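K.L.:
First to last, the protein sequences are chains V and U. Position in the first sequence counted from 1, then plus 87, gives you the working numbering. Position in the second sequence counted from 1, then plus 16, gives you the working numbering.
The reader is advised that the hints may include incorrect statements.
Unchecked claim - Using 30 Å as the maximum straight-line C-alpha spacing, the simulated BS3-like pairs for lysine-lysine come out as follows: (1) U:Lys280 - V:Lys320; (2) U:Lys313 - V:Lys110; (3) V:Lys320 - U:Lys21; (4) U:Lys341 - U:Lys223; (5) U:Lys223 - V:Lys326; (6) V:Lys320 - U:Lys306.
Unchecked claim - Residues from chain V that keep clear of chain U, each with C-beta distances beyond 12 Å, as calculated: (7) Met88; (8) Asn91; (9) Val99; (10) Pro105; (11) Ser114; (12) Gln145; (13) Glu174; (14) Gln213; (15) Ile226; (16) Gly257; (17) Ala267; (18) Ile286; (19) Met287; (20) Arg314; (21) Thr337; (22) Arg350.
Hint data in this document are derived by calculation from the structure and do not stem from the laboratory. The structure displayed is predicted, hence computed values, not measured ones. Idealized CB from N, CA, C, for every residue including glycine.
Spelled out from the first residue to the last, the chains are:
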Amino acid sequence: MPLNMIVCCKQVLDPEAPPASFKIDSSTNKVIPPPGVPPVISPFDEQAVEAALRIKDQQGGKITVLSLGNNLLRDVVKKPLSMGADELVLLEDEAFEGGDSWSIANALATAIKKIGEYDLIFCGRQAADWDAGQVGSGIAEILGIPSVTVAKKVEVADGKAKVERVIADGYQVIEITLPALITVSNELGEARYATLKGIMAAAKKQPVVWKPSDIGLEPSQVGAAGRRTKLLKLFQPVKEGKCELVEADTPAEAGAKLATRLREAKVI
Amino acid sequence: MAEYKGVMVYGELLEGKISSITTELLGCGRRLADELKEELLCIFVGDKLDEAPKKAVAFGADKVYTAEDPLLKEYQTDSYIAVMEKAVKDISPRILLFGQTSVGRDLAPSLAFRLGTSLSMDCIELGIDPGTKLLQQTRPVYGGNARGTFTSETSPQMATVRKKAMSPLEPDESRKGEITPFKVELDPTKVRTKVLETVKEEVTGVKLEDAQAIVTGGRGIGSPDGFKQLEELAKALKGAVGASRPPCDNKWVPDTMQIGLTGKIVTPELYIAVGVSGASQHLAGCSGAKNIIAINKDPEANIFREARFGVVGDWKQVLPAFSEKVKELLAG
Numbered sequence: 088m089p090l091n092m093i094v095c096c097k098q099v100l101d102p103e104a105p106p107a108s109f110k111i112d113s114s115t116n117k118v119i120p121p122p123g124v125p126p127v128i129s130p131f132d133e134q135a136v137e138a139a140l141r142i143k144d145q146q147g148g149k150i151t152v153l154s155l156g157n158n159l160l161r162d163v164v165k166k167p168l169s170m171g172a173d174e175l176v177l178l179e180d181e182a183f184e185g186g187d188s189w190s191i192a193n194a195l196a197t198a199i200k201k202i203g204e205y206d207l208i209f210c211g212r213q214a215a216d217w218d219a220g221q222v223g224s225g226i227a228e229i230l231g232i233p234s235v236t237v238a239k240k241v242e243v244a245d246g247k248a249k250v251e252r253v254i255a256d257g258y259q260v261i262e263i264t265l266p267a268l269i270t271v272s273n274e275l276g277e278a279r280y281a282t283l284k285g286i287m288a289a290a291k292k293q294p295v296v297w298k299p300s301d302i303g304l305e306p307s308q309v310g311a312a313g314r315r316t317k318l319l320k321l322f323q324p325v326k327e328g329k330c331e332l333v334e335a336d337t338p339a340e341a342g343a344k345l346a347t348r349l350r351e352a353k354v355i
Numbered sequence: 017m018a019e020y021k022g023v024m025v026y027g028e029l030l031e032g033k034i035s036s037i038t039t040e041l042l043g044c045g046r047r048l049a050d051e052l053k054e055e056l057l058c059i060f061v062g063d064k065l066d067e068a069p070k071k072a073v074a075f076g077a078d079k080v081y082t083a084e085d086p087l088l089k090e091y092q093t094d095s096y097i098a099v100m101e102k103a104v105k106d107i108s109p110r111i112l113l114f115g116q117t118s119v120g121r122d123l124a125p126s127l128a129f130r131l132g133t134s135l136s137m138d139c140i141e142l143g144i145d146p147g148t149k150l151l152q153q154t155r156p157v158y159g160g161n162a163r164g165t166f167t168s169e170t171s172p173q174m175a176t177v178r179k180k181a182m183s184p185l186e187p188d189e190s191r192k193g194e195i196t197p198f199k200v201e202l203d204p205t206k207v208r209t210k211v212l213e214t215v216k217e218e219v220t221g222v223k224l225e226d227a228q229a230i231v232t233g234g235r236g237i238g239s240p241d242g243f244k245q246l247e248e249l250a251k252a253l254k255g256a257v258g259a260s261r262p263p264c265d266n267k268w269v270p271d272t273m274q275i276g277l278t279g280k281i282v283t284p285e286l287y288i289a290v291g292v293s294g295a296s297q298h299l300a301g302c303s304g305a306k307n308i309i310a311i312n313k314d315p316e317a318n319i320f321r322e323a324r325f326g327v328v329g330d331w332k333q334v335l336p337a338f339s340e341k342v343k344e345l346l347a348g
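Excised from the complex, chain V in its bound form (with noise of 0.2 Å):
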C-alpha cells in the first residue's frame, strides 16, 4: 500500500563546525553563525528522511517534506528531495524566527493539518541546534495522533508501524496504529547521498512557501511571539584547557611515560 509520508526538517547551523569556531553574542543571546560555514539540513532529520525513503522503496509512496524558518537556503532545503522526496512546503516568513518548541510544533501541526493527508510523519529525535528534542512528540499531541520517539527501525504492514524504539539498554519493538508520528534516532544509520539525478530533479523544484497567515494563524502566534519559554541568557562554559601533554621520543615511550604520570597523580 502505497503511502502519504510527511518529514519535518530543520535548516541549522552545521553542528559538525570545529567547536573552536563556536561564538556566541551575549547582548542578543544569539549564536553567530560561523563564516564560510554553510547551515545544513538537522542530521537526525536527514536520518527521518531516510526512514521515509527506505518505506517509499518497499511499497510506494508520497514523501512531503516540510521545512520552518526564514531565509531558507534553496540548495539545503532542497537536498531530500535530491535524495528522493517528492515535494517541498516551507513555512518561510520573518514571523517564524526565535521560535520554541511550543510554536514551531503549533506550526507545524497546523500546516500538516493543511496538507491534510497523511499515514505517517517522521522528524528528528532532536534538532543539532537547541537539542530541545519536543517538537515530534508536540505535533503528535496538536494532531492527535499517537507517536514512538527515538526509533531505529520502522516497518509498515497492514496499517500499523512496526517500531524499533532504542532504550538504554536495548531496543523495544512497538506496534502503533497509522496515522502516527515518529522520531529517528541516529542508530537508524546513515542517510542516503543524493544522486546526480535526484539534483537535477530538485532543481526544477520549486517549492510551495507559506506565510503564517496561509496556514490561518496571526504572526503573533508564531516564532518568538509564540513562545512559551522564555530564554534569561545564552553562554558557554568555561573551559579550564589545562592538558598536561606527555612527550617523549618515541610514541610507544609517550605511552609508558604517561602510565607513570597517571600513577604519580594517583589517577591510577
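Fit chain U to the given chain V structure using the hints.
P.N.:
Below, chain U without anything else, positioned relative to chain V:
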C-alpha cells in the same frame, strides 16, 4: 483555577528498586521545595512498586502518590500520559521534574503539550529565581557547545534532568512521609501502541553507567578489531569500553556502547579517550568524568581542551606500551 503548589518528582524503578536518577531528582527537588517553602511530592506509575515509595520518603519526599495497575506494567505513552494528566490536574504541582531517561524523554514532552505548558529537557542545573520565584532551567544546547537558561510562566513548570547532574540526599529511613494510592480508570482501548518485544543488548561485564574506569574508542580506531585492544586495557582497569558515535554508526560496536548527547552519560573517575576527536556531542556524555586522558594523533583535536593528561601520537603505537605499563603498575 487551582493554585499550583509543591515540587513533584516523577519516580522510576530500575530492576524493581527506586532508580538512582529518582534519588537525584528528589535531592534536587528537596532543595527547590525548601527554597519555595513548599512540599516535595513524588509519583510512581507502574504495576508493582514494592518498597520504592517508602524509599522516596527516605530520600526526601513529603508525600508519595502511587498509581499501581496491571495495565501499567510496561511504559506506553498513551497509558502513562493518562495517569500523569489526571495527576497534574488533581494535585497541581508548581514544578514537575522527570529524569532524562527512556521514559522521561518520551513522556515529558507529550505531557507538556497535552497540558498546554512548557518544558526544558536534559537540564543540568535548576534554581529558583529569587525575584520572580520561577524555575530557572539550564541545559546544554548546540550539541553541548553552549548552555541556555530558560524560564516559563505556564504551569506546571516542567523539566527533565540529566542523569548524575544532581546529588541525592543521604537516605534517612526514619523520615516520615505520607504514601497515598492514586486511582486512575484506564481504558485499554485508548492505548494506540503495543509493546511486542523488549530486546536487551547490554554487553557483558561492567555496565558503562556504573564503571569507574572507561576506555573509549573513536573514529580513529578504524575497525572492530581495534576495539579488542581497548577491551584488554579496560579489563586491566576493571572498567568498561565505550565508543563515540562514528564507531557505532559504522557498526564496529553495538549502539548501546555510544557515549554522548544521544547515547549514555557517564561520570567515571578515569576516562581514557583513544582516537576520539572530542566533538561537543561526545563531550556532552563524558565531561563529568573526573580525569579525562586523551590519546590522539591530531594535536589540534578538541579532546585535548577537555583532557587532564594526553599524548599526541598514533594510538596504535602509543596504546600497547601504555597498556603494558598500566598492567605492570597495577600488578605492583
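K.L.:
Please write out, lowest number first, the hints stated earlier that are contradicted by the structure.
P.N.:
When the structure is compared with the hints, numbers 9, 10, 14, 15, 16, 17, 20, 21 and 22 turn out to be violated.
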